[in-house]
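Please take these sequences and the hints and turn them into a complete structure.
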Amino acid sequence: MEISLLTIIFMAMAYGAGAIFIIGFLRKLIIYAKTPSPLKIPTTPAPINPAGSFFRVLGDVVLFRNLFKGNKWTWIGGIIFHYSFLIVVLRHLRYFMYPVAGWDMALQDAGIYAGIVLPIAVLYLLMRRTTVDRTMFVSSLADYFVLALIGGIAVTGLLMKFYVRPFMVDVKGFIYGLVTVNPSTIPLDPVFMLHITLVFMLLAYFPFSKLVHAGGVLFSPSRFMCDNPREKRHINPWATDLSA
Amino acid sequence: MAKVKYEIPVLTGHVVTPKIQEDATVLVRSNPAKEKDMTALGFPAQLVPDWQEKAVERLKDLMEKYKSLRVYLDICVKCGSCTDKCQFFLGTKDPRNMPVARQELLRKVYRRYLTFGGKVLGKLIDAEDITKETLDEWYTYFHQCSECRRCSVYCPYGIDTAEITMAGREILDSIGYGQKYVTEIINKVYTVGNNLGMPGPAIQNTLEFLKTDIQETSGAEVEFPMDVKGADIMFVTPSADFFASPHVESLIGYAKVFKQAGISWTLSSHASEAGNFGMFIGNYYVMRKVANRIKEGIQELKPKRLIHGECGHAWRIAYSFWNTLIGPFDSLDPKYPAPQHICEFTHDLIKRGALKLDKTANDEFVVTLHDSCNVARGARMGTSPGGQFEIPREVIKATCNKYVDMAPNTIRENTFCCGGGGGLLTDELMDIRIKGAMPRMQAYKAVKDSNGANFIALICAICKAQMSKILPYYGYPMEEVGGIHQLVGRAIVDRGKEGV
Chain V
1 MEISLLTIIF MAMAYGAGAI FIIGFLRKLI IYAKTPSPLK IPTTPAPINP AGSFFRVLGD
61 VVLFRNLFKG NKWTWIGGII FHYSFLIVVL RHLRYFMYPV AGWDMALQDA GIYAGIVLPI
121 AVLYLLMRRT TVDRTMFVSS LADYFVLALI GGIAVTGLLM KFYVRPFMVD VKGFIYGLVT
181 VNPSTIPLDP VFMLHITLVF MLLAYFPFSK LVHAGGVLFS PSRFMCDNPR EKRHINPWAT
241 DLSA
Chain P
1 MAKVKYEIPV LTGHVVTPKI QEDATVLVRS NPAKEKDMTA LGFPAQLVPD WQEKAVERLK
61 DLMEKYKSLR VYLDICVKCG SCTDKCQFFL GTKDPRNMPV ARQELLRKVY RRYLTFGGKV
121 LGKLIDAEDI TKETLDEWYT YFHQCSECRR CSVYCPYGID TAEITMAGRE ILDSIGYGQK
181 YVTEIINKVY TVGNNLGMPG PAIQNTLEFL KTDIQETSGA EVEFPMDVKG ADIMFVTPSA
241 DFFASPHVES LIGYAKVFKQ AGISWTLSSH ASEAGNFGMF IGNYYVMRKV ANRIKEGIQE
301 LKPKRLIHGE CGHAWRIAYS FWNTLIGPFD SLDPKYPAPQ HICEFTHDLI KRGALKLDKT
361 ANDEFVVTLH DSCNVARGAR MGTSPGGQFE IPREVIKATC NKYVDMAPNT IRENTFCCGG
421 GGGLLTDELM DIRIKGAMPR MQAYKAVKDS NGANFIALIC AICKAQMSKI LPYYGYPMEE
481 VGGIHQLVGR AIVDRGKEGV
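Protein sequence lines, in the order shown, are assigned to chains V and P. Residue numbers for the first sequence follow this note's numbering, beginning at 1 and rising by one. Residue numbers for the second sequence follow this note's numbering, beginning at 1 and rising by one.
Keep in mind the hints are simulated off the structure, nothing from the lab. Note that the structure is a prediction, hence the values are computed from the model and not measured. Cβ coordinates follow ideal geometry from the N, Cα and C atoms, glycine included. Hints should not be assumed to be uniformly reliable.
Stated by the list, open to error - Pairs of lysine to aspartate or glutamate residues, derived as DMTMM-like cross-links and limited to a Cα-Cα distance of at most 20 Å, are as follows:
#	chain 1	residue 1	chain 2	residue 2
1	V	232	P	129
2	P	295	V	241
3	P	65	V	133
4	V	34	P	64
5	V	232	P	84
6	V	69	P	84
7	P	93	V	133
8	P	295	V	133
To be verified - Covered stretches of chain P (chain V as the covering partner; in silico rule of three or more C-beta atoms under 8 Å from a C-beta of chain V):
#	stretch
9	93-100
10	110-118
Structural data, given as structure tokens:
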């Protein structure tokens with residue numbers, strides 16, 4: 001089978017973006033993990049042992065507890081945004097596996113609803129950002145860019161689902177071809193091409209942006225450190241020489 | 001002294017999030033450090049010629065040494081949760097006092113010089129060159145933050161602006177742009193031994209005078225032992241307790257507690273300061289050098305236990321950092337926590353029924369507690385999380401009949417800073433201090449109106465100094481604040497020679 005130039009270009013973009021995402025994000029996480037913490041700085045009251053801290057951070061990741069304390073309106077928007085995004089991403093995994101796992105089949109309907117909710121949540125977050133003078137003051141192009149990118153991805157996705165449906169066998173063929181490194185011609189569908197181009201942009205942008213909060217949240221010393229400085233001496237690795 | 005007119009916020013009993021007023025307090029700036037103090041601390045005496053490179057270099061260095069800074073500079077999503085939480089924003093309305101905006105001051109330089117995107121895209125993604133204006137902004141707004149950590153409670157990632165402020169000040173110091181108040185005080189510790197700059201003999205005289213005074217006015221015989229080798233307890237407290245008002249009232253309270261407990265204790269003229277302003281400027285080595293006096297004091301006096309007086313930032317350092325900085329405390333008796341807070345000690349005595357307390361001695365007061373920010377969010381008391389809230393309250397309630405808490409969103413982990421912490425307790429920042437105290441004053445006003453509260457109990461030397469100065473601006477007498485051990489001291493039944 002002849003492979004079109006367009007297919008090669010998109011495959012190159014996919015691998016390129018994927019590589020930037022994985023290597024870039026991992027690099028960040030490794031840097032975070034390796035950077036020392038000279039002092040014990042949990043924000044107290046904090047759990048008094050590592051197991052407690054594990055659940056504290058888990059709560060941060062899953063429930064956004066601090067945000068709940070801080071701002072209920074943002075919390076609602078944030079929760080809906082993140083979980084609908086998560087369900088949408090999980091739903092898309094069906095393009096990456098063959099045969100499709102049962103749990104992913106079960107998620108297909110929910111994924112559609114989540115896909116409809118996602119752009120609404122983006123709009124909500126955008127509105128909140130622009131209508132409160134305080135968040136307006138601190139927002140920059142980068143903040144709007146991310147929202148626009150994710151909004152664009154959601155909208156092009158919904159367009160394909162409800163209006164200009166590409167030939168799904170080709171879509172799956174192309175994506176599964178990426179997974180198996182077995183090139184398959186990209187469907188000549190402009191909305192699909194736009195959709196995945198935006199996804200590539202998001203992936204490539206991810207490690208260089210605030211989006212690294214996704215993994216960075218695990219490395220926040222005020223949250224993951226436990227409160228036991230009297231019981232267990234914490235050592236500052238870069239100041240063990242007492243004469244310095 | 002000429003009386004400066006300050007704009008005093010109107011008290012209504014609640015805080016309304018203000019509309020932002022850009023640059024509202026951009027001109028309120030603390031005085032720059034003196035050359036001799038900078039030199040003594042190991043910093044350049046004045047702005048170095050190549051400060052641009054040096055500042056970026058120092059930032060890079062700190063990012064390699066502090067996971068907090070490394071992570072926090074990257075992961076803020078500007079969700080806005082912190083924007084209405086800082087007492088200095090609520091009071092001043094200056095948007096650069098919103099925690100996220102304060103962090104951005106450092107972030108924009110980080111992005112410009114140390115990230116790929118910032119190098120390429122620059123202004124487009126809020127990356128900015130470091131200029132003299134940048135430095136001035138840093139200097140201004142990193143000295144309008146009290147490092148109280150309130151923002152970190154509401155940040156979905158726990159981003160702690162205190163870490164950013166400390167880094168900012170550390171960079172400024174490293175290029176010769178330090179702040180007078182803090183560097184001067186640290187130099188006093190270096191040269192004299194404590195923040196007040198009181199030499200040992202002066203403290204001794206003050207204590208003698210105090211002892212005589214107490215005996216003459218109340219008949220009680222209270223000792224303030226100094227430099228007693230082999231005493232069971234070495235007691236470390238902020239030097240303000242020896243001298244300032246209302247601090248000294250707590251000192252009397254501590255002494256009465258030790259006396260009733262029948263335990264030998266001593267102050268140390270060498271370790272005559274619990275406070276450690278090294279934390280305020282974020283410099284690890286300065287902080288360790290200041291803390292080292294405690295270690296030397298222990299080596300000299302060989303106590304079994306180490307107990308710490310009423311102070312907020314100092315307790316954070318003692319509780320959270322001492323073990324790292326100057327530990328392990330192998331020479332102390334492992335049966336007791338090292339260090340132990342005086343409230344823990346007193347609380348324990350109360351629970352065991354070892355203190356004879358007369359609550360009616362404090363009947364003139366309706367007491368409320370201002371949780372000190374550093375105690376609330378940077379340390380603990382007791383054996384379980386939140387002991388730093390329960391133990392002081394239980395001690396207070398054992399000493400008085402009328403206690404009332406302020407609104408829940410203003411106490412415990414949500415507590416506000418008094419407005420004077422983190423190196424802001426200096427006259428030229430009075431405007432910031434008055435406005436920063438506003439949220440606390442509103443909460444106080446609310447319990448005053450509802451319950452007739454007339455006494456704010458404190459466990460911090462800075463809170464005491466700040467509030468006794470600020471209250472009058474809001475129309476309340478300065479006598480309405482005092483230490484927890486002031487209440488304890490008053491309630492302790494001690495009729496001198498007639499027997500305990």
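To see whether the hints hold, each was checked on the structure:
1. V:232 <-> P:129: violated, 43 Å
2. P:295 <-> V:241: holds, 16 Å
3. P:65 <-> V:133: The given pair, whose Cα atoms are some 35 Å apart, is violated under the 20 Å limit.
4. V:34 <-> P:64: Given that 20 Å is the threshold and the Cα spacing comes to 9 Å, the pair holds.
5. V:232 <-> P:84: violated, 36 Å
6. V:69 <-> P:84: Given that 20 Å is the threshold and the Cα spacing comes to 12 Å, the pair holds.
7. P:93 <-> V:133: holds, 12 Å
8. P:295 <-> V:133: Since the Cα atoms of residue 295 (chain P) and residue 133 (chain V) sit roughly 50 Å apart, the hinted pair is violated (cutoff 20 Å).
9. 93-100: Three-residue rule met by the stretch 93-100 of chain P, so holds; n is 3.
10. 110-118: holds (count 3)
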